[in-house]
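Number of protein chains: 4
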Amino acid sequence: MGSRLLFRQARIGGPRNGRSWLSSFHHLSSRSLHSLPFATVNAEEISGSRPAEVENFVQGNWTKSKNSNEILDPLNGEPFIKVAEVDETEIQPFVESLSKCPKHGLHNPFKAPERYLLYGDISAKAAHMLAQPKVSDFFTRLIQRVAPKSYQQAFGEVYVTQKFLENFSGDQVRFLARSFGVPGNHLGQQSHGFRWPYGPVAIITPFNFPLEIPVLQLMGALYMGNKPVVKVDSKVSIVMEQMMRLLHHCGLPVEDVDFINSDGKTMNRLLLEANPRMTLFTGSSRVAEKLATDLKGQIKLEDAGFDWKVLGPDVQEVDYVAWVCDQDAYACSGQKCSAQSILFMHENWSKSSLISKMRNLAERRKLEDLTIGPVLTFTTGQMLDHMSSLLCIPGSKLLFGGEPLENHSIPHIYGALKPTAVYVPIDEILKEENFELVTREIFGPFQIVTEYKDDQLPKILDALERMHAHLTAAVVSNDPLFLQEVIGKTVNGTTYAGLRARTTGAPQNHW
Amino acid sequence: MGSRLLFRQARIGGPRNGRSWLSSFHHLSSRSLHSLPFATVNAEEISGSRPAEVENFVQGNWTKSKNSNEILDPLNGEPFIKVAEVDETEIQPFVESLSKCPKHGLHNPFKAPERYLLYGDISAKAAHMLAQPKVSDFFTRLIQRVAPKSYQQAFGEVYVTQKFLENFSGDQVRFLARSFGVPGNHLGQQSHGFRWPYGPVAIITPFNFPLEIPVLQLMGALYMGNKPVVKVDSKVSIVMEQMMRLLHHCGLPVEDVDFINSDGKTMNRLLLEANPRMTLFTGSSRVAEKLATDLKGQIKLEDAGFDWKVLGPDVQEVDYVAWVCDQDAYACSGQKCSAQSILFMHENWSKSSLISKMRNLAERRKLEDLTIGPVLTFTTGQMLDHMSSLLCIPGSKLLFGGEPLENHSIPHIYGALKPTAVYVPIDEILKEENFELVTREIFGPFQIVTEYKDDQLPKILDALERMHAHLTAAVVSNDPLFLQEVIGKTVNGTTYAGLRARTTGAPQNHW
Amino acid sequence: MGSRLLFRQARIGGPRNGRSWLSSFHHLSSRSLHSLPFATVNAEEISGSRPAEVENFVQGNWTKSKNSNEILDPLNGEPFIKVAEVDETEIQPFVESLSKCPKHGLHNPFKAPERYLLYGDISAKAAHMLAQPKVSDFFTRLIQRVAPKSYQQAFGEVYVTQKFLENFSGDQVRFLARSFGVPGNHLGQQSHGFRWPYGPVAIITPFNFPLEIPVLQLMGALYMGNKPVVKVDSKVSIVMEQMMRLLHHCGLPVEDVDFINSDGKTMNRLLLEANPRMTLFTGSSRVAEKLATDLKGQIKLEDAGFDWKVLGPDVQEVDYVAWVCDQDAYACSGQKCSAQSILFMHENWSKSSLISKMRNLAERRKLEDLTIGPVLTFTTGQMLDHMSSLLCIPGSKLLFGGEPLENHSIPHIYGALKPTAVYVPIDEILKEENFELVTREIFGPFQIVTEYKDDQLPKILDALERMHAHLTAAVVSNDPLFLQEVIGKTVNGTTYAGLRARTTGAPQNHW
Amino acid sequence: MGSRLLFRQARIGGPRNGRSWLSSFHHLSSRSLHSLPFATVNAEEISGSRPAEVENFVQGNWTKSKNSNEILDPLNGEPFIKVAEVDETEIQPFVESLSKCPKHGLHNPFKAPERYLLYGDISAKAAHMLAQPKVSDFFTRLIQRVAPKSYQQAFGEVYVTQKFLENFSGDQVRFLARSFGVPGNHLGQQSHGFRWPYGPVAIITPFNFPLEIPVLQLMGALYMGNKPVVKVDSKVSIVMEQMMRLLHHCGLPVEDVDFINSDGKTMNRLLLEANPRMTLFTGSSRVAEKLATDLKGQIKLEDAGFDWKVLGPDVQEVDYVAWVCDQDAYACSGQKCSAQSILFMHENWSKSSLISKMRNLAERRKLEDLTIGPVLTFTTGQMLDHMSSLLCIPGSKLLFGGEPLENHSIPHIYGALKPTAVYVPIDEILKEENFELVTREIFGPFQIVTEYKDDQLPKILDALERMHAHLTAAVVSNDPLFLQEVIGKTVNGTTYAGLRARTTGAPQNHW
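Chains as they are written, first to last, in the UniProt record's numbering: chain U, 1 to 511; chain Y, 1 to 511; chain A, 1 to 511; chain C, 1 to 511.
If you are wondering where the hints come from, they were derived from the structure by calculation, not from laboratory data.
Keep in mind that the hints are not guaranteed to be accurate.
As the list claims (entries may be wrong) - Straight line, CA to CA, 25 Å or less: simulated DSS-like cross-link-like pairs of lysine-lysine:
#1 235(Y) to 100(Y)
#2 290(A) to 290(U)
#3 100(U) to 100(A)
#4 459(C) to 111(Y)
#5 290(A) to 111(U)
#6 134(U) to 235(Y)
Claimed, not checked - Just some of the chain C residues that point at chain U, by a computed CB distance under 10 Å:
#7 51
#8 55
#9 179
#10 192
#11 398
#12 400
#13 403
#14 404
Here the structure is a predicted model, which is why all the values come from computation and not from measurement.
A virtual CB, placed ideally from N, CA and C, is assigned to each residue, including glycine.
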């Protein structure tokens, strides 16, 4: 299928320039923010006293449910969002809705091809909406409320989503459905290859990119003619709920997508009963393995990753490299799938001011502007325990961080840690008894740093070979022979190479 | 080069639906039409008493010239537009401007790659502007003023242009610059292929599609890093002049394109002095041949065509086929490059009501709504003389039309003819003495019709083989063996096949 | 990964013409057949009294094992091949060999690129060897001995394999490793996409195509830099064992592939210990599901299929269609993954002589030339029982066949049935209680036939929607509207359309 | 059209290893060389006393002509080949033959698709023939007799030709004819793009690559369904004449290609009368310009080039770089289109031993093994005169060479010069009065060398911008910023980059 157009993470970028081109021409009314024609909430005003509500969408209608799940404000612990969660007795409408879609999909090159154009149109309109300052600000702030990260980082999600939608404007959806043919053996014979949808599918997405991950996966699935049911982690599903309303406003047919809030057990039941032909799951590997078994392989998994960066022998542009390391490791409080988890630096870099510059940058991060913030899947205690275990390894030391955040009201179910780096000697990392501990992924502002000499490069390559999750990686060097050696002997989803390489930053242009 | 993204003609289509999505959200100010932030004219108000002026653009500035060319209103003969035409003494700024652009272009994959994104942005903005009802109406009406055709046909140009721009939104310009690589023979070797611009280029376009042809060619050239000078037929250059202003408004850097009005001699001189590395010429073959010689082959030519349609033995959907024939032959008063010039119909169709239905449709065309209008390159007399010559061929007859339009004030330099069809027997067409006469292209509302029996199909194929210009063609049949026979034994730029095939209608999705 | 270049079945074709071009130039020596420089057996002479032996290949050497498995001659029941089967105590060398290959493979675009050329060379040489009449005859006869099918069908495997190898001659392997790049956001940035191998992989293939399936999968894996261990069903593994020797003769490095004979339990153990990064399994879905669970999804499965054909309302070329139906259903005794399992014919076809022609063709099949032969996975009794169950459905009837073969010495562990067709009314097929029975795949010379009227087409589409395995399908019609309706509303791996459509016949050109 | 698959020059390479794989299997008969089943000459034995004869091929037959052209042995001046040259009175059969081919070609995706497979087969067979040591030796020696170059260089042509043919074995010709489709706007609409032939075409090739250029161009044209007439420079046409015989032997249909020997005037006449739809001309720009005018643009030209190499600031692997410079400038006595004509070296390189190593390598070249040999388009005097003019430029000096070859019997119509390098200061090169002189291409063993400092790089880029012919170029450096700067600011057909970059060496894998 061509329906999986997945892009995993936000693009860091300054606020977009040149938006003023519109100002002479369009103007939004001066009504208050929730006068956005699609929105049902006001991102700024959601609070314990004025909680927002999140509904489900099925068979063309927004619906409530018997029970609701109260989400705590990650910055002060107040219950501020009520999510209508469907339980096992309420899944029947979702099962029926999904079952209505045949295996050959809502459209394919031989059925309803005008829908390729319809989706080009929806994409252009939705992209244009997201380009409006008030709309992008609305989503940026809404993201910040539920998945605390800096304005710039949250805006990055909105920007990538907008660019993705622009990419599928006009005829571009139809071009996705491009087929090919080759002449056959005899007159009148030709073989043709077409892209076909799966039909009914399910999309399950995590908390860390509440807008970008579900929108990109959803639109990719829709473009090719699939009918998806979408479930986003309830902690953040308000963002996608509002985006669904924007998409309907831009012409998305209401029968094309269902949107469900539920716990994992209910979702599992739904998958077994409705039997979608493909499930696209992004999230923890524990859940992923269970789903893989239940669904007999009809699933695509988006891994997390223990992502590495290698700094080569050529030291240049230390300021820039320190800045990228800081961003890669600590932006979004380290909660990107592609966050830098381990840094291998050539000894030439240890002699430079790199580490001290990284420390300075880390110390500038603060809760006020959310350049550091709550960790949603690890508590403070869990992270400190992990650090302690690492510091028991001979030769290990704390480079910076290592303490809880101060003066905050982040609830205890979440983590609150200063950006942290722990040094572990390369020879210790490679020891059988340490390897698994050191390469355990902590989805928070936490990284391992180590150092190697020229003749230890094979050890680094050995370590990289032994790791399990291969999502992104970066080789920072301008030396073509070094690059070739490291790239040729490693394996990753995405490898960034060059002096300006980074682990995060896969933009919407990545395919 | 990848810079030639050419699409030749307008897409017929109903007014676009669903524009109301914007209405709840945006609203253009209520000021009068020429309050469009970029426009300097009001399409409705241009007249002999309030003539419009067209300027040149060079080295970042709009400029006037010593002389100007007065354009007559094609509907009433009043001089209504003054075009500032550059003469040979004034070309120096244009020569210098073009010469400033190096052969490696304004950008390429190794130079200023951020400009790929800039052009994605310009395209998205310009597409959105054209999607505004007031803007699309402005250009539709302006086109009608200078190249009279129905509102629907003129709107078609605007719509195709808008869709083309949507197609290159976001990252799509950068994707055009996609390169590829293959491993070399030895470690460290890889071969890469990149798309490179020509650098300085010239684009020369004709009267019949005043917006679509120059915009598509211009943007295609810009995307790949070329610096174009654009010259549009002065009779219609006001449309592109206004579009240049829209593009500047959407962020087009003023140094990137020059826009010139001049006669052919001056343009020739400019080409010889500035020596662009490629000239893209659309227009008459007489001029094309001269240019080809002068420019020593550094030119790409877009042909006109004597376009044919073959109706196969299976007669179905006569109403629909008659409607398509009428559109193909007479929309835009037959002044599309892809207009149907000759119709070969199987005798089964002659027994049907096809011809009488075509006559009825032709007779409904009227000057009031410009479904028929002035012919800009042939006078009425020239067309009637051609008809008389054809009617001298034994067995020929006038099927319908054949008379001047009535009650009009179209100036004598232009043609004014009712939609006309002349029947010539196939055996006569094939005769050496008649062939050239019959297959002479008349850029007006004029077509040849002939008939064949099953066993005469080889004669048809022979006739098609002997024609010179092969632009578009259509084979109307659902019989796979017939389609295979005709397609496999003919040659054309574009062949449309199937019962709903047409010669016109190449949309922006065509590549 | 690009390493999966899978083609599932043999191409029917007459003996290749024009081989005489070599005769004036080359000549094989006149020594007897087993003088082929690579072969260790003589296909004709293998027998109970002169049994052949099949070895394993690991870490560069041919090896024997403690135990061996005696394979019975499918035509007379004599034990005629001894296969050295590895048991669980002997897998260590295979585990070590596979583990030696790193995840980044034996080559990739940054490592040992000269190996792309080496494989182009090996492919050209092996293709040329297979083109030699004596070599192709050797493999054709060897296939016939273990997987009885007609000379033409067995030769088809050799021919497809040869053409596949020709397709990857010269630089074509290196072209497979073609990468692409797009310009980045800033000067000096470019994103590149490369094809990377999995590294260690396993390939497990079934009995029905002893040469084609393993060679195409093996070479595809090798081209991209993987190191495979190959296991072929022991009943037929002698063919691939001899092919391994031919490949070594043509330059295949001995470290690049291991070849193992074992039972499923041992293979499962090997997979768990050696942990290949991908397993490509072709065979029964029961085994496939177990593997999918054990290997946590790191597996690609090649389905069997219950393949359908729909005959449209337009009846033409009855002789040709009958011939194709006979081939699709009964060639290789119905033991192709793509064999026609059910035929939906429009009532217009029932009125024609189609069924009687199919009966005549079926009755011409005979054991002497193996146009019908032993069924390796169903006994005669099992197939007759299935037929009896079907005939209990009201309105069902036997069209032809339905009896055991006569005068044969096929051992009882295999099946021996005349080509059989059973008619079941469409309304009965659709009943809940019958559907699963009717659509059960019988991997033998057995098909269901049914009939429909114009207004029953939606029922047919409903039946096709409810089937599970979607491998190949054919829509036999020249009516474009009918084709569009059926293709647009069904889903299949491969759909063949047109009056000459067939379910079998996917050639090497298929991608 | 996809028919132009052109690769311009030979690949330097050692004799191919591993040919012994065939030895156990095939053996050529022990008859003498001209027993090659297709050959009519013996490459070694051609001489003044036993002259060879070259015929024409038209309408399926080898033919003689009234007149013949006597070719002088370039090493001793004896007339040793008689070429049957067609004059203007004899061209009628060629005109008729070409005219028989319709514009839609001998095959296309809708006509005779089985011919795609036929050409896959011919290619595989011809590739295999050329891989035979006796055949490759035959062509290598034959090339050496008429276009004197070293055995290795001549063998390179044969090798590239063989690999090219391997690349189009099996189904690869049919894959060239791959089409694509996109869904249309409405049900039942799809647009398809196909590759179509031109039909009748002409191919005209020069003396320097007597086998590779005509075979690659001819086969590329044939693959797509064109019917070519081929004319090779009479001085070397014996090579292609023998290759035609080999191709016929491998199954090339005799009607598919005509082969003509004539002078330019006759060929021009033939082109005007037969009016091929495309002419592919490789050779001197003087002839090219005339043809472009005569043929009104229906021509594709393969340029010669004044090819440059820039050595960056990073000095490494001096031996290797010197060796590549020697090969690029002097292999084939400098008579490759891609031969290095000018070398820009950073001053760091001047301080190295580069020039002295280049001198040593140049001095090792000798007539005996044809590492230096006759120049076919410049006389010794012309080259010495050019050198003298250059040495008049202030600051110029002779680096090495600059003298006629000694002790030879090369006839006076040809040139005989030692490998020569002349140094000219960069500031002098850039002067208006010198630029044209310095950048004049000498198709012989002659190069310009100059030097630049860091701050003079813009001057180099300026010089590269001002040159006219842009065929190949090389940037020798491992510094990514330097590479980016030079590549981003220059333009060439092919640019080779990296420390091991070269101007020559475009292999068959180049597209």
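Tested hints:
1. Note on residue 235(Y) and residue 100(Y): the hinted pairing is violated, with a Cα-Cα distance of about 30 Å set against a maximum of 25 Å.
2. For the hint pairing residue 290(A) with residue 290(U), the CA-to-CA distance comes to about 15 Å; that is within 25 Å, so the pair holds.
3. For the given pair, residue 100(U) sits about 50 Å from residue 100(A) by alpha-carbon distance, which is inconsistent with the 25 Å threshold.
4. A threshold of 25 Å between alpha carbons decides the hint, and for residue 459(C) with residue 111(Y) the separation of about 18 Å falls inside it, so the pair holds.
5. Proposed proximity of residue 290(A) and residue 111(U) is contradicted: the alpha carbons are some 37 Å apart, above 25 Å.
6. With a C-alpha separation of about 44 Å, the suggested pair residue 134(U) and residue 235(Y) falls outside the 25 Å cut-off, and the hint is violated.
7. For the restraint placing residue 51(C) at the interface with chain U, the shortest Cβ-Cβ distance is roughly 46 Å, beyond the 10 Å limit, so the hint is violated.
8. Interface hint at residue 55(C): violated, since its Cβ lies 35 Å from the closest Cβ of chain U, which is beyond the 10 Å cut-off.
9. With a least beta-carbon distance of about 4 Å to chain U, the hint placing residue 179(C) at the interface is held under the 10 Å criterion.
10. Here the hint on residue 192(C) is kept, as its CB sits about 7 Å from the closest CB of chain U, short of 10 Å.
11. At a threshold of 10 Å, the smallest CB-CB gap from residue 398(C) to chain U is about 36 Å, leaving the interface hint violated.
12. Restraint check, residue 400(C) versus chain U: the minimum CB separation of about 32 Å is more than 10 Å; hint violated.
13. Interface restraint check for residue 403(C): the shortest CB-CB distance to chain U comes to about 41 Å, outside 10 Å, so the restraint is violated.
14. A hinted interface residue such as residue 404(C) counts as satisfied when its beta carbon comes closer than 10 Å to some beta carbon of chain U; here the least separation is about 43 Å, so the hint is violated.
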